[in-house]
Each structure stands twice: as C-alpha cells, then as structure tokens.
Amino acid sequence: MTQAATPAAPAPAAAAGAPAPAKDGRTAERSLLRRLLGRPEIGALIGAIVVYVFFFAVAPTFRQVDSMATVLYQASTMGIMALAVALLMIGGEFDLSAGVAVTSSALTAAILSFQLTLNVWSGVLVALVLSLAVGAFNGFLLIKTGLPSFLVTLGTFLMLQGLNLAITKLFTGNVASDSIRDMDGFEQAKAVFASEITIAGVDVKITVLWWLLFAAFATWLLLRTKYGNWIFAVGGNQDSARAVGVPVTFTKITLFMGVGFAAWFVGMHLLFSFSTVQASEGVGNEFLYIIAAVIGGCLLTGGYGSAVGAVIGAFIFGMVSQGIVYANWNPDWFKFFLGVMLLFATLVNLWVRRSATRR
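One point on numbering: in the numbering used here, the residue at position 125 of the sequence shown is 815, and numbering is uninterrupted.
Note that these hints are calculated values from the structure, not bench results. Any given hint could be a false lead.
[Said to hold, decoys possible] Listed next, with one range per pair, are the computed distances between beta-carbon atoms:
1) ARG753 x LEU853: 39 to 49 Å
2) PRO750 x ASN864: 18 to 28 Å
3) THR939 x PRO750: 45 to 55 Å
Beta carbons: idealized from backbone N, C-alpha and C, even for Gly.
Sequences and hints are given; from them, build the entire structure.
And the structure:
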C-alpha cells in the first residue's frame, strides 16, 4: 500500500510575486531632476539661456566671437562685485555703499600717488587698506548697534559719496583725479588690473579671468569649507548660529571686508583702464550688484544662494547691456529690460524652489 504524498507548504508571499512594501517617503532618494531644481542657480541658468537665444536671434552682431568677449568684459566688472555681494546676502546682509566704495578706492590710489609723487603701487596698497577698513567699519557697526545693514551702509554710502567729491575738489580743483599714466609703476599695475590677453585670436580683458578665478574660489569657500557653513548659518538664523558656536561677529565683519576687497579690485581696474577717475562715478551700481545676485538665486532674506548663480546673473547683465547695443535699440531701454530680467528670474526662482520641495 503506497503512502499518500504530503501537500507542499505554501510559497512565501515574496516568492509569489507580491508587491514589496512601499518605501517611506521620508527616506526615498530624490530624483536627479528634483536635485537639479533644488540648486539656487538653476533659475538664473534658464533665464540666461532665454536671453542668449533672444539676442542671438535679433542681433546678428551678437553672434560674433569678439562681441561675446565684450559681453564677458561687461559681465566681469559687474560679476566680481556681484560675487562678494552675493556672499554677503547669503549671510543675511546688504551693502549699499558698494558702488561708491569702488570709486573711493580708485580716487584714494590716484590722489595719493599723484600728490605725493609716489610709485602707484603705494597708492594701490593704501587703497586696499582703506577699502578693507570701510568693510570692517560697516560690519563692526552692524554688530555693535544691531541696526539693519540697510541703514548702516546707507550712512556709509552718503559719507563716501560726499568725501569722494569734496576731497577730489580739494586736491585737484575739479571733479576728476589727475592722470597717473606717466607715473612709476603704472604699466605694471595696468598689466595686473586692466590688461588684455589674446585667446584664439580674440582679445579678452584680464578681468574676465580674474572673475572666473574669484568665482571658483567663492564656490569652494561656500561649499567646501567651515567658513561657508558659517555664512549659510548666520544668514538663515543668526541667533541659532550663535547658539551652536558659529562666530557670528567674525563672519559678518569678514563678509563686509570681502565686499571691500572686491570694491578695491574693481576700483583698481577702473583707475588703470582710464588713468583718471570721476568723483561721481559708482552711484547706483550697488543696486546692479544686488540685482545680479538676486537674479542668480540669492534670497533677500539670506541663508540661500550660490556663487555660480551670481556669475550667471552678471552674465545676464552683460548680455542685456551689450545685446541692446548690438540690436541697434535705444539704450534707454536697458533699465527696462534689466527690470524684466529681475522679475522673470525672481518668478522662475520661486517656481523652481516650489517644484524642488513639492512631493
């Protein structure tokens, strides 16, 4: 008599092809697209592509290689300042004296060198010390008084504007500094701050290379150093940052000094490009620096932004300023287009951030 076969045990649910348990949405990896949308500069990049395609289509001169070199030059002088201003804005502050500070540094170097008949490098170094001191003064006053940076730097803006005009008139008798073109050290300083180099047969201003170098340094500083973490922390919540040991005073003051350094560098480019400086120059440029940073993704409330975004914002500025010229349009339209770009970039940045955080 044969023994009956024992029934096989039922297969586990997993072996039968049952669906795996759903992953916890809180630990699920974000897609590549979502991560890209989370970058502060992605909105500016979209805007830059739109602006480039627009002027490429309507302005034939815009398509030439030497025209792009001019665009990059316009962007670089704006972009060097926009980088420093962007870092300051990520740290939660503004500097309304940044525009006239450029002129102040140039006038200091020019007047000191000419009046004392010194090598121009002496004036350059004194101008650097003065620019850093102005930045340190802004940061120190901000920390000690607790006043908004808007008010502190507005006061500095007015003081520098008045000093630029009064001291220039006092020493030169007019509203411009004396020419230093024939003074010792001028050609060497010009080679550093205002020379041209030839790349693939196209003359490119050296400020473009300095701009890209400063952008690489600022990106490394923000994303790869402890100091970069401090910048984001003090911009996000100053009190919380101080509670966890972030040196808020040091961070804020050095950020303002960074703006001072950038103002000095651009001021030296201005001086050694033209050998003389008008005392009234620079007024209003502080808003252009802020606009470039905002277009690049920096929030007005601080704690968010990138150096790359500031580079793209300055590049958009360069394309618009030169694109209007190449299209043979009335240059009076420049501010209108800049305002359109600001609103467009702000709306795109808002949409990008919402898309990145939407589940």
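Is 18 to 28 Å respected by the C-beta to C-beta distance linking PRO750 and ASN864? Distance hint for PRO750, ASN864 is violated at roughly 42 Å.
Is it true that THR939 and PRO750 lie within 45 to 55 Å of each other by Cβ? Cβ of THR939 to Cβ of PRO750: about 54 Å, so the range 45 to 55 Å holds.
Is the hinted range of 39 to 49 Å satisfied by the C-beta distance from ARG753 to LEU853? Holds: the Cβ-Cβ distance is about 45 Å, inside 39 to 49 Å.
Consistency note: the structure conflicts with earlier hint 2 alone.
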